[in-house]
Amino acid sequence: MEPIPVRIASIVRPSEKLWSYYIWTSILSGPAFPVTILLLYFKYYTMHYRFDAEGIRMGWGILFRQETVVNYARIQDIHLQSNIIERWLGLARIIIQTAGGGTMGNLTLEGIVDCEGMRDFLYSRMRGAKDPHRAAPPESDLAATLRDVAAELRAIRETLERRGNA
Amino acid sequence: MHEIVKSWLLRFLRVPPQPQPPEGTPESIQIFRAGRNYYKWILAQFLLGRAALGFVLALMFVLPLFSKKEPSPAAAAVYASAVAFSVFAFAAIVTAGYFRLRLDYEMRWYIVTDRSLRTRCGIWSVRELTMTFANIQEIRVNVGPLQRVFGLGDVVVTSAGGGGSEQLGTANIARFAGVDNANEIRDLMTERLRRYKDTGLGDPDAPVPAPAGPEDAARFMLAEARALRLKIAASSPTD
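Protein chains in written order, with our numbering: chain A, 858 to 1023; chain B, 675 to 913.
Any given hint could turn out to be false.
A short, non-exhaustive set of chain A residues, derived as facing chain B with CB atoms under 8 Å [unchecked claim]:
no. : residue
1   : Q933
2   : H936
3   : L937
4   : Q954
5   : A1000
6   : R1011
Pulled from the structure, derived: some chain B residues nowhere near chain A, Cβ distances all over 12 Å [unchecked claim]:
no. : residue
7   : A763
8   : W798
9   : L803
Hints listed in this document are in silico derivations from the structure and should not be mistaken for laboratory results. Positions of the beta carbon are idealized from the N, C-alpha and C atoms, including for glycine.
Turn these sequences into a full structure, and let the hints steer you where they fit.
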């Protein structure tokens, strides 16, 4: 299994820009501001990620904790979405679809600054992203040398056979 | 004029430039755009809608003129302000709507490589979708009667992804909207889809053929050495 790049493995928390985005979202929610800001505050401060060789683990929440695990090979499609506020802050949402039914098949990665880099990483781990008809890697030097020796032995045997027949 | 407004709007809205194609063989990358008639089609819809709105507004402001009762000066002032505001608002709505529609048409990309596809659309909310052929479940071409008149069609590609949400709409669908070569795109993708024999539901990728290791080569050499010994033994005079 290929090791994951350090820049991906080192992401364990969303960017601070996400908190700015949540503040804007709360302001735009109008009268619901006090409730929205409180909920988003807890969401931001408890949100955590773990990217390992097999998949993504993401969680948040204090009273009601959510923990989602998605295997890279199970990703069906990757959405990259952003509204104007997110783009002004340099953010985007990466929404991952798995084959689960309804909205439960979604995992939304928020607060990732290099969202295109993350999308490319996830894509590289998706099924079908690699060339299905790729050739086998070349054999090692030792194996090639052993095959050369075998070819020499065969040549000696064939020479002997020709002399025997002559 | 159009280019100046477009450039200003794209900068203001921070719309990213043309999307990069997903990984794939460089010569296999094909970029499709919405057909020119798609623009005419959405423009016709837009103009019809705005004409209906304009007609209703005009009716609202013309009808009081036929009233036999003389309006008070205050009512006349309110009426004049309402007309001025409505005309201004209507002009603003039509202008903004026109640029939104024009940019929506221009900022659409449908990219197909030998392994995957990527679609990008939207200027206010920018939406990009990447899907590999290994996960595609269905490819469909939708052509309505009016679209047929315009020579357009939608290619709809479905994966097994979850049904959707408020954020995503129908999330597992990539839509090549308003293309003028829908059948060609469908055939291209169908051809590329033939390479995949599994169900597209998360089956592991086909394993890469393992490289021939030194063990294999050593066994091969052993077989040759043994054959050589047997040959020498057979050709030597026996005691």
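Tested hints:
no.	hint	verdict
1	Q933	holds (4 Å)
2	H936	holds (5 Å)
3	L937	holds (4 Å)
4	Q954	holds (3 Å)
5	A1000	holds (4 Å)
6	R1011	holds (5 Å)
7	A763	holds (22 Å)
8	W798	violated (6 Å)
9	L803	violated (5 Å)
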